[in-house]
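**Student:** So the chains spell out like this:
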Amino acid sequence: MIRPLLLASCLTLAAPAFAQTPPASATTATAMPTTAPATAAAATPTGDAARGKELTYTCQGCHGVTGYKNAYPNYHVPMIGGQSPQYLMNALTEYQKGTRKHPTMQAQAASFSAQDIADIAAYLSGLK
Amino acid sequence: MTKTPLAIALLAASLALAACTSADETPAAHSASDRAEGHSASSAGLPPGNAEAGHKVATTKNAETGQACVDCHGAGGNAPIDATYPKLGGQYHDYIAHSLQLYRDGDRENALMSAQAKKLTDQQISDVAAYFHEQPTKLRDLHGLD
Numbered sequence: 001m002i003r004p005l006l007l008a009s010c011l012t013l014a015a016p017a018f019a020q021t022p023p024a025s026a027t028t029a030t031a032m033p034t035t036a037p038a039t040a041a042a043a044t045p046t047g048d049a050a051r052g053k054e055l056t057y058t059c060q061g062c063h064g065v066t067g068y069k070n071a072y073p074n075y076h077v078p079m080i081g082g083q084s085p086q087y088l089m090n091a092l093t094e095y096q097k098g099t100r101k102h103p104t105m106q107a108q109a110a111s112f113s114a115q116d117i118a119d120i121a122a123y124l125s126g127l128k
Numbered sequence: 129m130t131k132t133p134l135a136i137a138l139l140a141a142s143l144a145l146a147a148c149t150s151a152d153e154t155p156a157a158h159s160a161s162d163r164a165e166g167h168s169a170s171s172a173g174l175p176p177g178n179a180e181a182g183h184k185v186a187t188t189k190n191a192e193t194g195q196a197c198v199d200c201h202g203a204g205g206n207a208p209i210d211a212t213y214p215k216l217g218g219q220y221h222d223y224i225a226h227s228l229q230l231y232r233d234g235d236r237e238n239a240l241m242s243a244q245a246k247k248l249t250d251q252q253i254s255d256v257a258a259y260f261h262e263q264p265t266k267l268r269d270l271h272g273l274d
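As they're listed, the protein sequences go chains A and B.
Counting in our numbering, the first sequence runs from 1 upward without gaps.
Counting in our numbering, the second sequence runs from 129 upward without gaps.
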């Protein structure tokens, strides 16, 4: 059970290069990776789609390439634009907690605050 | 105030180092039960899907749960009855299949989906994935956004 959290800490340390650092909440999440999932689950901030758009820059590397395939195992990375904000927030929060597993997505989610996740969900859910 | 965050950061750093050195993480995609039960572990190893057969799977109530896929995900997988449920219409077939394989084998947690997927064969997974893939979609990738 502890291993995903350790992995998250590990990834968080590696994350600063692409971590977006908004005000106070994200700093807390970055400094205390072991408590971040609980924080994310407890509060559901209102998403800001404009900010979410900026945060999704790194998502483009996989989700922005039509037909892009995940390796080992091989399958297309899902289309996520247009899913509901609740579904998207749950997915990112589960990756952050380690209850849903995917190495790249867990690494991405480890650096996000609850506000980041809400913002990303707000943006992606509004895409048509 | 300044000392606590530093202490936590140091603790996190040491935990992280410990985590990084133990490389026995097993990717969720490679499930032990999958291999043990002769199921395919990767969607790439599934038989080809038949959308027509998949339509039947998608609309037939599961013996255990009394629910069909479309009862929750809506017609064509495009009208989920709860905001936490994903839209499936037009989604990549191999991603849907991969998700069902994870649920079936206990590698992705969701009480409803685990029960739904538990008894699915590789063929049924492939068929139902093909069916939803062929439906109209409300989804898109992030290509070509301004």
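Take these hints with a grain of salt, some might be off.
To be verified - Dumping the calculated DSS-like pairs for lysine-lysine here, alpha-carbon to alpha-carbon at most 27 Å: (1) A:Lys-69 to B:Lys-189; (2) B:Lys-247 to B:Lys-184; (3) B:Lys-184 to A:Lys-101; (4) B:Lys-266 to B:Lys-184; (5) B:Lys-246 to A:Lys-97; (6) A:Lys-53 to B:Lys-266.
Read the hints as simulated data drawn from the structure, not as lab findings.
**Student:** Does each hint fit the structure? Answer for all of them.
**Tutor:** Evaluated hints:
About 32 Å separates the Cα atoms of Lys-69 of chain A and Lys-189 of chain B, which puts this hinted pair outside 27 Å; it is violated. Pair hint Lys-247 of chain B plus Lys-184 of chain B holds up; C-alpha atoms about 15 Å apart against a cutoff of 27 Å. Using a Cα cut-off of 27 Å, the hinted pair Lys-184 of chain B and Lys-101 of chain A is violated, with the two alpha carbons roughly 30 Å apart. At most 27 Å may separate the alpha-carbon atoms for a hinted pair to count; Lys-266 of chain B and Lys-184 of chain B meet this at roughly 22 Å.
About 24 Å separates the Cα atoms of Lys-246 of chain B and Lys-97 of chain A, which keeps this hinted pair within 27 Å; it holds. A hinted pair counts as satisfied when its Cα atoms are at most 27 Å apart, and Lys-53 of chain A with Lys-266 of chain B qualifies at roughly 19 Å.
The structure does not agree with the numbered hints 1 and 3 stated previously, though it agrees with the rest.
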